[in-house]
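Visitor: We have chain A already, so just place chain B on it with the hints.
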Amino acid sequence: MSANSPEMEPEPYVSKIDRRTALAWIGVVGAAAAAGAGVVVYGPMKGGEPVHRGYGTDPKLTKPEKAPWSRIMTQAQLQTAAVLADFVLPASATAPAASALGIPDFIDEWVSAPYPDQVKDRPVVLNGLNALSAKVLKAAAADRTLAMQALSASADPLTKAFWKKFRGLTIGAYYTTEAGFKDIGYIGNVPRSSDPGPSAEVKAVLEREFQKLGL
Amino acid sequence: MATDTYDVIIVGSGAGGGMSAYHLTKSGMKVLMLEAGRDYDPRVETPMFNTNAEAPLRGVGTPDKPFGFYDATVDGGWEVPNEPYTVADGSEPFIWWRPRMLGGRTNHWGRIALRFGPLDFKPHSRDGLGYDWPISYDDLAPWYDKTEKLIGVSGAAPPRNLLNTPDSPPGCLMEAAPPRAFEIFYERGFRAMGIPVIPMHGAVVTGQMEGRNTCLFATPCGRGCAIGANFQSTTVLLPPAMATGNLTITTNALVYQVDLDKAGKAKGVSYVDRKTGQHRSVTAKSVVLAAGSGETARILLNSKSASFPNGLCNTHGMVGRYLMDTVGLNVTGQFPSLEGLPPTNDDGQGTEHTYVPWWGYEKQKELGFPRGYHIEIGGGRHMPSMGMGGLVRDDDDLVGEDLRAKLRQRFGSTISFNGRGEMVPNDDCYCELDPAAKDKWGIPVLRFHWKWGESETNQAAHMVKTFVEVIDRLGGKPQGHIETDGRKAISKGGEMIHEIGTARMGHDDTDSVVNQYGQSWAVPNLFVMDGAVMVSSPDKNPTLSILALAWRSADNMATLAKQGAL
Chain A
129 MSANSPEMEP EPYVSKIDRR TALAWIGVVG AAAAAGAGVV VYGPMKGGEP VHRGYGTDPK
189 LTKPEKAPWS RIMTQAQLQT AAVLADFVLP ASATAPAASA LGIPDFIDEW VSAPYPDQVK
249 DRPVVLNGLN ALSAKVLKAA AADRTLAMQA LSASADPLTK AFWKKFRGLT IGAYYTTEAG
309 FKDIGYIGNV PRSSDPGPSA EVKAVLEREF QKLGL
Chain B
16 MATDTYDVII VGSGAGGGMS AYHLTKSGMK VLMLEAGRDY DPRVETPMFN TNAEAPLRGV
76 GTPDKPFGFY DATVDGGWEV PNEPYTVADG SEPFIWWRPR MLGGRTNHWG RIALRFGPLD
136 FKPHSRDGLG YDWPISYDDL APWYDKTEKL IGVSGAAPPR NLLNTPDSPP GCLMEAAPPR
196 AFEIFYERGF RAMGIPVIPM HGAVVTGQME GRNTCLFATP CGRGCAIGAN FQSTTVLLPP
256 AMATGNLTIT TNALVYQVDL DKAGKAKGVS YVDRKTGQHR SVTAKSVVLA AGSGETARIL
316 LNSKSASFPN GLCNTHGMVG RYLMDTVGLN VTGQFPSLEG LPPTNDDGQG TEHTYVPWWG
376 YEKQKELGFP RGYHIEIGGG RHMPSMGMGG LVRDDDDLVG EDLRAKLRQR FGSTISFNGR
436 GEMVPNDDCY CELDPAAKDK WGIPVLRFHW KWGESETNQA AHMVKTFVEV IDRLGGKPQG
496 HIETDGRKAI SKGGEMIHEI GTARMGHDDT DSVVNQYGQS WAVPNLFVMD GAVMVSSPDK
556 NPTLSILALA WRSADNMATL AKQGAL
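Sequence order for the protein chains is A and B.
Heads up: the first sequence at position 23 corresponds to 151 in this note's numbering, and the numbers run straight through without jumps.
Heads up: the second sequence at position 394 corresponds to 409 in this note's numbering, and the numbers run straight through without jumps.
Pulled out of the complex, with its shape left as it was, chain B reads as follows:
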């Protein structure tokens, strides 16, 4: 490897790293990809069709596997061994989900693939809050088209022309999976409230697609997919990139620094081998950071030099700022109307078949919060888990035949309503280097600061109100304690695993870290191609946009490289 010369080093192998590697290798550039985690092959490592009874503790989440035994995440979760992070005194809670595996979080993600809409790129122009992006929806739309066609997204439907909820052009999406019984059911409740329910856009291959297997409509996507029928960087982006012969991947390489030459250009990166503890430096003509918003900021902040004493690209103190996450909240209802339905196979396409897009764009003033949320709704007769006892928690005395009968009756009769909302960036939410804490290899770690604003807590309170109302209209009962105080009901910072915005794009170096193509203002051959570049945090889940932005940025970068501009 030492004798190889690379055009590009890409740090990270998830959505941003995978997509940039896909495009740059296809453009003929020699790419070295550095991934902090281990090699991972979904084709042989995915527990397809395993039952919970085969897993320790019936597959429940533990500190070793927080999202359950079968969750695809390797060597990680809310804590990664040997790699701590801290939360500042006086901060609200912040938690940070990290895997240590090839493909990163694309292996376990929820496959919800919604486009940002036109208003999402110009939030400040709309209501005076937050910041506008340097690009518009029209700039990114062609890249959304290309991305959907490449990764495989289901949810095709006749155009609805809903405000700020883009319909994909014909030919971009595959057929929508049909609504299941619980989805038909809740639609009627929302309809009575004047709230639309439309097909979900899911990164799942539901039809015939060249070079891809079709979904088996079974076994959860969160485990990964051995047949590559959903989108994972490891099944969709990295194999074709490898096939070009232009991609080299080094795993267990935890990058902590961008190295500069005397002229101030990036000459490579330094990393520690997580298995041996050895420090290494590698060189290339340019560098792409796509390590995830937190880790990307950490690398920049740890790259200190005489020219950049506070970290690379941080002359104006912008690195780590404008950290955002999604507002999250859940209310579950139990519905007598769904009791005793004839047995149905509700496994479906893995992600929801329908959802509720934000419907209140024109009522924000009267609602008392500025931005919206969509609703992800789970239910149906899913493979039983250790949570089954919850179906009869109020019927303590039932045993034997009566218990069996009650469980059969209630199975599949609960629906969980999950709000996912936009956060307005604020000055209290950011990350920086902890002045004292270091990881196992002596590298300073991130310290997070977090505080939800009223925009978010009011929105959270509205979610609760909406969910309780729809449950009531559908003749159901909310389960457990219902917290109506938005500040108490809202998710923790980072909990939705949509942390973005630590190296945002903008118009110049005083308001941003990178330009609209992820090219850093301070170092022309250094690029950021993950969620760190995002300027706002729309309610729509960020992965599809990370992919589309990375493709657009990589395309620009390849052009610059051909022009000799790097």
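So that you can see chain A by itself, here it is in the shape it has in the complex:
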């Protein structure tokens, strides 16, 4: 499990690909091999025109396809995003680090998206990552941590906006995963034959709160 902590040199971030993408890539490799190209390429399809379209007004919902737009983040931006995402949510004793859940790829998906909200976020995030890049990728561990700690305290509105946005995206992306559900204590999304309502324990806590509130 790749996990960047302030004490260590950041490990290079390797894109986490979902199973469907992996199958598509294997398909590319397979096709290349079948054509006798003699070269095995592992990676997303390169070349062709970049895609800037959205998923449309009638996407398949039961098995969503990978977002169709091309990703725009550079390797340096992706690596910086990995270090910063793991500063926000490093591995804990029971939960993985943000990078292990592919959060940097999600940041890339987000800033690359063609929709207005994401287009607005794009310069905020990318400029922030560019400004931070040298301070985290080629710095000593202590300087790296200081540089990231300084973000939330910054008086500069652009830096502040970057930090808020990046942290918010990281939190949202992290806790929408199964690992995030487990960490935060979301136990729903399972079929049940009835809804028993809250437990006696929960009701007892509420009663104590009502007493405190004089209700």
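Wrong hints could be hidden among the right ones.
Claimed, not checked - In the DSSO-like style, the derived pairs of lysine-lysine whose C-alpha atoms are separated by at most 30 Å in a straight line are:
hint	chain 1	residue 1	chain 2	residue 2
1	A	Lys331	B	Lys480
2	A	Lys293	B	Lys503
3	A	Lys288	B	Lys503
4	A	Lys188	B	Lys455
5	B	Lys455	B	Lys466
6	B	Lys421	A	Lys144
7	B	Lys45	B	Lys277
8	A	Lys288	B	Lys421
9	B	Lys503	A	Lys292
10	A	Lys292	B	Lys421
11	A	Lys293	B	Lys507
As the list claims (entries may be wrong) - Away from chain A, derived, C-beta distances all over 10 Å, residues of chain B:
hint	residue
12	Ile110
13	Leu177
14	Asp411
15	Thr574
If you are wondering where the hints come from, they were derived from the structure by calculation, not from laboratory data.
Heads up, the beta-carbon is just placed ideally off N, CA and C, and yes, glycines get one too.
Guide: Frame of chain A, contents of chain B only:
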């Protein structure tokens, strides 16, 4: 199809179209249903149990899917490709939600199924504002009973006899889902203010029901339901209608005109095939419009002839008039008392388990606005979304273990209070044909005019005051900026997706477009069976009433057909 002869063409497949098809096919009439959108099957298309992590952008709303990736709405939202609408210069904002799918908006609706009350049918008699319906609550009550038993509605409770908040008779409703922690919690705050909290009526099957699956108490209703445990036209009304052998459905058929014969009776409709662009005309002995209040008005206005140069049934300029929506407004609070509750499964029945009905009927004068609102209240430990960061927006410096701990503590500790109020119809709110704009197929589109009255903006201000007070009593803090000016805080026209009233029912052709059974005054074999017929816009969400009215109207229509009166 060309050789088939139909008794009825129904335009639209949502609540009004679905219910009229259900009853008319069961009455033995041959029905052709025309739906502007594509075919849609919730059984195989619903993303039950999908997580946000599986969706692009973690499922957030985009212009392609404004209510989120998994929202059931197909090919639509606030904008529909190739099908524009306009808002007049000088108008307040108006937005119009349209899907393009079989079953229409019943696929994604909120499943809140409240009956209108006796006062709601006679608002003018009550306070001199707006207009009375030609029917009373007692006229519709038996149809509410039948509708609740057919579609499956939860919320049974001992009768409360609250003013203008009807209890359903025994046997109509299924058991109410138990209040969740946040619902138990807010009830205490409202109780201290003398405001009642009662079980919600939700169009969800919570118990054993013949021919239906019971709710799984998981996965949001707004995605639709693959097991048909909530009400959607596509799972509850259209399958039994199809089973009669009397229903034919044509999708992608965007109807734009009612065609008349020489005697002035409806002989069918014309539509454009949205996929091929081809124009077609189909015929039947009678026509039902149930395309949704906006689209129904548009069809009438576009049906021009020598007898009706300003549009069908529009001799007195009533079509498109008395357009109404619901007053909407939201305030969210965060509550330390709910922090750190033991993990609980709060997924529930999809719609709220309890709600606040309007409590101020006898205090309207002192309140400074004439009509009331109910409160829909959301909260609990719901499946995390991209909004999670909002839980720690004021704790900028938290990272790592401290951040994890704070998020765990705050998860499920916010409650959102949503006012939904009655609007008094006014002369500034209507739709008409835009003199210039046309859709992709050259058909004139609607132009909306909108202006909230003081009745609504004062009511909105009262909502804010009430929500801030209950949040305070519960020891919480309102989140974000609190706008106390009702005119600024109120929703946009159309935003609550309860637009109704463009072809209202009444006593005669000078005050209305249709009679109490949706039969148009001008063309005896032309009927309207959607929300367009409504005369007032009570705070109660309109879908249940659209269903009950459509059933009552379809029953009358079937009788007329048997008598040869059409």
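Visitor: Look at each hint and say if it fits the structure.
Guide: Hint-by-hint comparison with the structure:
| no. | hint | in the structure |
| --- | --- | --- |
| 1 | Lys331/A <-> Lys480/B | 29 Å, holds |
| 2 | Lys293/A <-> Lys503/B | 27 Å, holds |
| 3 | Lys288/A <-> Lys503/B | 29 Å, holds |
| 4 | Lys188/A <-> Lys455/B | 25 Å, holds |
| 5 | Lys455/B <-> Lys466/B | 29 Å, holds |
| 6 | Lys421/B <-> Lys144/A | 27 Å, holds |
| 7 | Lys45/B <-> Lys277/B | 24 Å, holds |
| 8 | Lys288/A <-> Lys421/B | 21 Å, holds |
| 9 | Lys503/B <-> Lys292/A | 27 Å, holds |
| 10 | Lys292/A <-> Lys421/B | 16 Å, holds |
| 11 | Lys293/A <-> Lys507/B | 28 Å, holds |
| 12 | Ile110 | 16 Å, holds |
| 13 | Leu177 | 22 Å, holds |
| 14 | Asp411 | 5 Å, violated |
| 15 | Thr574 | 40 Å, holds |
When the structure is compared with the earlier hints, a violation turns up for hint 14 alone.
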